[in-house]
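Enquirer: Those sequence lines, one after another, are chains B and G.
Okay, so the first sequence: first residue is 620 according to the working numbering, each after it adds one.
Okay, so the second sequence: first residue is 8 according to the working numbering, each after it adds one.
Heads up, a few of these hints could be off.
[To be verified] On the chain B side, residues computed to face chain G include the following (Cβ under 8 Å):
#1 628
#2 686
#3 688
#4 745
[To be verified] As a list, the in silico SDA-like pairs of lysine to any residue whose alpha-carbon atoms are at most 25 Å apart:
#5 G:30 <-> G:73
#6 G:30 <-> B:761
#7 G:30 <-> B:679
#8 G:30 <-> G:69
Note that these hints are calculated values from the structure, not bench results.
Source: prediction; values computed, not measured.
Ideal Cβ placement from N, Cα and C applies to all residues, glycine included.
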Amino acid sequence: MPRERDGLSAIVRVVTQWLFVPILVYGLGVGFFGHLTPGGGFAGGVVIACGFVLATIAFGGRTGPAPVFHRWAASLEAVGAMTYLGMAALGWSAGHFMQAWTPRGEDFTLASAPFLVVLNLAILLKVGAGLFAGFMVLVLFDRATGATAREGGDA
Amino acid sequence: MNLILIGLAAFLVLGSVAALEMKNLLSAVIAVGVVGLGLSVLFLLLGAPDIAITQVVVEVIVVTVMIRATTRTTDEEKGPPRSLAAVVVGVGSALVIVGFGIAAFAELPRFGAERPTPSFWYLAEALRGTGAGNVVTSIVLDFRGYDTLGEATVILVSIAGALVIARHVARDGKVPRA
Chain B
620 MPRERDGLSA
630 IVRVVTQWLF
640 VPILVYGLGV
650 GFFGHLTPGG
660 GFAGGVVIAC
670 GFVLATIAFG
680 GRTGPAPVFH
690 RWAASLEAVG
700 AMTYLGMAAL
710 GWSAGHFMQA
720 WTPRGEDFTL
730 ASAPFLVVLN
740 LAILLKVGAG
750 LFAGFMVLVL
760 FDRATGATAR
770 EGGDA
Chain G
8 MNLILIGLAA
18 FLVLGSVAAL
28 EMKNLLSAVI
38 AVGVVGLGLS
48 VLFLLLGAPD
58 IAITQVVVEV
68 IVVTVMIRAT
78 TRTTDEEKGP
88 PRSLAAVVVG
98 VGSALVIVGF
108 GIAAFAELPR
118 FGAERPTPSF
128 WYLAEALRGT
138 GAGNVVTSIV
148 LDFRGYDTLG
158 EATVILVSIA
168 GALVIARHVA
178 RDGKVPRA
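If we strip away everything but chain B, and leave its shape as in the complex, we get (with noise of 0.2 Å):
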């Protein structure tokens, strides 16, 4: 099998095949449960985002799901602000701006605060999309200015 120039050994990809969907999971349940433990939507988007970056620094940004990902990150950084704000213009329904207009729950479940869960959530996906596309943006900055600094001849 030829040696591909991106990207980091067959020992890091595996443990990242393996790790990838964990910490995926692991970030949501912190957003999805931070209005009950410790955590929160920023915890839980920042921990989707090192997810992201771990594969994109394992499989080089050019395979795996970094590249699809990137395209869509600017787009979903939008939908959880826009979330944000559209969960707080609605509390206008129930009364004023920001009023939590939700249904409750029975205490200490998931639901006893819905209000508060999808705040989470549109949090977790604005600075999960968002630190993950700045890594990005990082990344193909380093490239470009690599490139420039290279043709320079004073890399």
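Mind docking chain G on chain B? Use the hints.
Expert: Below, chain G without anything else, positioned relative to chain B:
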């Protein structure tokens, strides 16, 4: 317990100084990572698991990105030696800041001794008012949701700005000359 906290805080100060003084960029980034992880342990010992989790994951991703950004430029940074005037001004400013810091902290209520009134109200009303078992989330997303809205706006705008500028560069493959 107090000794552990003081020891950890001293370790963080040492790590920060090391990060500033190291000539090799990669070593400095690693020192910054050590400081961040130590800080998260400090938060955990002080009973703030929410902040500790956020600190850990942010530190991991920031150190990863910084290492990715500095591996290309591992050449050591050598500046001219500092002049006496710069040292005097630097040490003087540091002393003034530390003096103000000590004066400000002397005015604060003793650590954990008395809480301002809103804290009691938050603790009493969090579950009944919002349905959140985690008081931190009830404050961040409900009682003070406007703050989080503002924070979300800041992140959105900053990342959108970075995307617009850097994507342009990445597509053209050219770095604008300053």
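Enquirer: Could you run down the list of hints and mark each one as holding or not?
Expert: Checked hints:
| no. | hint | in the structure |
| --- | --- | --- |
| 1 | 628 | 16 Å, violated |
| 2 | 686 | 14 Å, violated |
| 3 | 688 | 15 Å, violated |
| 4 | 745 | 6 Å, holds |
| 5 | G:30 <-> G:73 | 16 Å, holds |
| 6 | G:30 <-> B:761 | 22 Å, holds |
| 7 | G:30 <-> B:679 | 29 Å, violated |
| 8 | G:30 <-> G:69 | 20 Å, holds |
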